[in-house]
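Q: Chain by chain, the residues:
Protein chains: 2
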Amino acid sequence: MNIVVQKFGGTSVRNLECQRQVMQKVLRPYREGNKVIVVLSAMAGETNRLLGLAKEWSDNPDPAELDSMVSTGEQVSCALFAMLLKQQGVKARSVLGFQAPVETDCAFGKARIVNIDEKKLECLLNEHDVLVVAGFQGCDEQLRITTLGRGGSDTSAVALAAAIKADVCEIYTDVPGVFTTDPNMCSDARKIDRIAYDEMLEMASMGAKVLQIRSVEFAKKYNVTVHVRSTFSDELGTIVTQEDESMESVLVSGIAYDKDQARITLVSVTDTPGVSAQIFSPLADKRILVDMIVQNPSKDGKTDMTFTVPRADVDQTIRTLEELKYEIGFEELNSNLNVSKVSIIGVGMRNHSGVAARAFQSLADENINILMISTSEIKVTCLIDDKYTELAVRTLHNAFHLDGGEPLETL
Amino acid sequence: MNIVVQKFGGTSVRNLECQRQVMQKVLRPYREGNKVIVVLSAMAGETNRLLGLAKEWSDNPDPAELDSMVSTGEQVSCALFAMLLKQQGVKARSVLGFQAPVETDCAFGKARIVNIDEKKLECLLNEHDVLVVAGFQGCDEQLRITTLGRGGSDTSAVALAAAIKADVCEIYTDVPGVFTTDPNMCSDARKIDRIAYDEMLEMASMGAKVLQIRSVEFAKKYNVTVHVRSTFSDELGTIVTQEDESMESVLVSGIAYDKDQARITLVSVTDTPGVSAQIFSPLADKRILVDMIVQNPSKDGKTDMTFTVPRADVDQTIRTLEELKYEIGFEELNSNLNVSKVSIIGVGMRNHSGVAARAFQSLADENINILMISTSEIKVTCLIDDKYTELAVRTLHNAFHLDGGEPLETL
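Those protein sequences? They're chains S and P, same order as listed. Quick note: the first sequence uses full-length UniProt numbering, first residue 1, plus one each step. Quick note: the second sequence uses full-length UniProt numbering, first residue 1, plus one each step.
FYI, nobody ran anything at the bench for these hints, they're computed from the structure. Any given hint could turn out to be false.
Any copy will do: because identical chains look the same in the list, a pair fits if it lies in one copy or spans two.
Claimed, not checked - Result set (DMTMM-like, lysine to aspartate or glutamate): computed pairs, CA atoms no more than 25 Å apart in a straight line:
#	residue 1	residue 2
1	K165	D140
2	K120	D105
3	K119	E103
4	K119	D140
5	K55	D129
6	K120	E103
7	K110	E56
8	K259	E217
9	K120	D140
10	K91	D140
11	K110	E127
Using the sequences and the accompanying hints, generate a full structural model.
A: Next up, the structure:
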């Protein structure tokens with residue numbers, strides 16, 4: 001049987017009218033003879049309402065209880081949506097995390113999917129034409145309810161598509177697809193038709209928040225074709241899939257940015273073996289995500305260590321490191337909150353040199369000073385003063401002809 | 001191990017302050033070294049909110065989806081309460097219907113408990129000192145969530161107490177216990193210390209809505225001692241238990257009434273064998289609860305058939321019977337909405353004659369006309385004009401000295 005997985009977020013199911021629109025999306029593949037697995041989030045606002053209640057009850061709510069409570073959001077939206085479908089005469093039912101079952105580890109609040117019983121799912125699909133599956137939730141071995149963390153519904157959808165070998169996993173969102181960059185920042189931004197998993201991972205992690213990053217990892221691992229598209233139109237969106245030759249012929253697929261960054265510099269660190277671990281292990285323990293790291297060449301046994309952290313974690317980062325000042329052995333800690341990251345991303349740059357140089361040159365032409373640089377196989381990231389973010393994005397977008405003009409295939 | 005089961009309704013858990021009070025009730029047996037199973041309802045208003053949502057979505061919501069949705073009310077209140085307990089350092093956790101598991105049939109919306117796995121419960125009790133169990137819900141063989149119908153949390157509590165052989169099942173409510181009659185109607189009403197299951201069944205079914213009737217049936221069947229008591233004080237309430245000699249020495253234990261009644265009369269019914277079935281089977285099919293039935297002696301092959309139904313079902317009753325007018329063969333259908341039932345209840349009347357006569361006489365002394373009479377072993381019910389309900393209740397309460405004066409042991 002042909003199976004289509006569709007995922008709709010909280011905004012799409014927030015009230016009866018929206019759910020009726022979603023139903024039309026579901027009925028299309030259904031009427032074409034496909035079985036449909038619909039993955040839903042909680043109605044917009046509901047998860048926050050529940051988290052608010054928990055916070056009123058306890059400063060530090062038990063994570064297992066919190067999951068049991070928060071999971072009711074999807075439980076309600078799925079039941080309501082299944083009611084709508086049944087009223088239309090569709091053989092449908094809701095399926096909760098423990099019913100599918102979506103087995104996870106027991107890391108409440110950020111559980112990872114361990115297994116999805118495709119046999120059980122197949123049975124359910126034999127008896128029903130549409131399954132309305134609660135996203136974001138699963139259950140551990142003890143049948144306790146777990147949740148996958150914010151945005152986990154994307155991961156649920158991709159994992160279900162992988163388990164049942166669906167033809168496609170459609171992720172419906174409020175934008176028409178993945179863009180070459182943020183259209184709010186650059187009016188020339190263009191929808192990308194096809195993008196490789198790795199490119200999408202870089203785009204997502206850099207703040208192009210169309211798809212949850214873990215869901216892309218999952219899609220890549222199980223080779224699930226993901227179609228990111230708009231709830232509000234029938235136009236095709238962006239296909240996220242395996243890298244192919246046509247993708248490699250494009251040097252740069254998109255420009256991502258992240259304004260939520262801060263730079264920390266430890267001045268005159270005593271450069272002994274293991275000092276990096278001494279600095280970064282305590283931060284990792286506190287789950288602070290350190291991103292770009294630059295170590296200056298050592299001079300007289302001293303070096304400067306510069307790195308970026310999310311802006312929200314700056315205070316904790318400073319507190320943590322100041323406490324270890326003598327242990328680590330640095331003289332001074334400087335921080336700069338007014339920085340942002342701008343990246344060019346593309347699998348095509350693997351086989352082409354000169355991409356980074358062109359990026360640096362185009363920024364230089366606009367007098368944008370680059371504070372730090374980091375590169376990977378398919379990405380070049382520059383840290384800049386955040387007041388230049390928009391200018392930098394537009395400049396790079398233009399420099400790599402992402403507005404849909406002549407594609408820049410060679411340098 | 002000694003196990004205490006406690007059940008708290010929606011009003012008792014409606015906000016943080018109330019849940020803190022409930023916690024004190026739970027901590028008492030806990031500190032005395034007992035294991036405690038706390039059964040909770042949804043926070044007051046939540047179930048209605050959810051039902052309202054469902055009604056907005058569908059005129060006739062799918063019952064299975066409705067159960068999955070409505071059950072979230074208890075899921076939230078239990079998670080919150082478990083958070084409170086854990087914050088106090090109590091080894092506690094919430095347990096949902098499918099986790100216990102409370103196995104039911106699949107009659108969604110009015111499921112019956114089939115089995116409770118006491119082995120699983122024992123395991124949970126070995127690992128935790130307090131289990132916070134979601135009332136009102138269970139799951140069927142397919143792991144679909146079911147609910148037990150309104151007031152089902154009482155049944156959950158008693159069923160859990162039966163399964164785990166708890167020492168007592170405490171049902172906390174907003175009144176101090178079971179009264180000889182409705183204190184709002186009769187200021188002389190007195191709290192009953194001990195009452196037999198059968199008496200309680202008659203009291204409950206007649207509208208003395210302290211305990212859900214099915215929970216009493218359950219308690220009787222499994223011989224669970226139920227203690228109905230107040231959330232707002234530490235005073236003892238009413239023990240509902242097996243009949244004993246002391247109970248039999250009291251002729252009448254209480255006066256119940258039900259104003260929600262209507263009388264239907266079919267005039268000149270052709271009195272052939274099977275006519276009763278012809279009348280009452282279609283009503284039963286529509287789940288209309290026919291209560292008192294009186295058939296006049298037949299005359300010329302014709303009889304009048306009079307019975308009572310809940311007032312809300314009158315329209316449907318009339319519609320159903322009018323459609324079958326020629327099939328059944330009656331001339332006229334009369335209805336009277338202004339009637340109520342008043343009953344005297346007591347296991348003691350089994351061994352004493354004259355109780356009914358005294359009741360009739362005392363009503364007659366007040367010029368209250370009796371429209372219909374029905375009697376059982378432990379109950380005498382009179383249908384009267386509903387404007388006399390209060391007067392009748394007070395008169396009977398007085399006639400049988402229920403105000404706590406000299407007990408009336410012989411006639």
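Q: None of the hints should be skipped; say for each whether it holds.
A: Hint by hint, here is what the structure shows:
1. In this homomeric assembly, K165 and D140 come within 25 Å of each other (Cα to Cα) only inside a single copy, at 23 Å, whereas the closest approach across copies is 29 Å.
2. In this assembly of identical chains, the alpha carbons of K120 and D105 lie at most 25 Å apart whether taken from the same copy (19 Å) or from different copies (21 Å).
3. Taking the shortest alpha-carbon separations for K119 and E103, both the intra-copy value of 13 Å and the inter-copy value of 23 Å come in at or below 25 Å.
4. Both within a single protomer and between protomers do K119 and D140 lie at most 25 Å apart by alpha-carbon distance, with minima of 18 Å and 20 Å respectively.
5. Taking the closest pair of Cα atoms, K55 and D129 come within 25 Å of each other only across two copies (24 Å); inside a single copy the shortest separation is 40 Å, beyond that limit.
6. With identical chains, the CA atoms of K120 and E103 are at most 25 Å apart both within one copy (12 Å) and between copies (20 Å).
7. For a Cα distance limit of 25 Å, the shortest separation of K110 from E56 inside one copy, 21 Å, qualifies, whereas the shortest one across copies, 34 Å, does not.
8. With identical chains, the CA atoms of K259 and E217 are at most 25 Å apart within one copy only, with a shortest distance of 23 Å there and 65 Å across copies.
9. In this homomeric assembly, K120 and D140 come within 25 Å of each other (Cα to Cα) both inside a single copy, at 17 Å, and across copies, at 16 Å.
10. In this assembly of identical chains, the alpha carbons of K91 and D140 lie at most 25 Å apart only when taken from different copies (19 Å versus 29 Å within one copy).
11. For a Cα distance limit of 25 Å, the shortest separation of K110 from E127 across copies, 24 Å, qualifies, whereas the shortest one inside one copy, 32 Å, does not.
When held up to the earlier numbered hints, the structure conflicts with none and fits them all.
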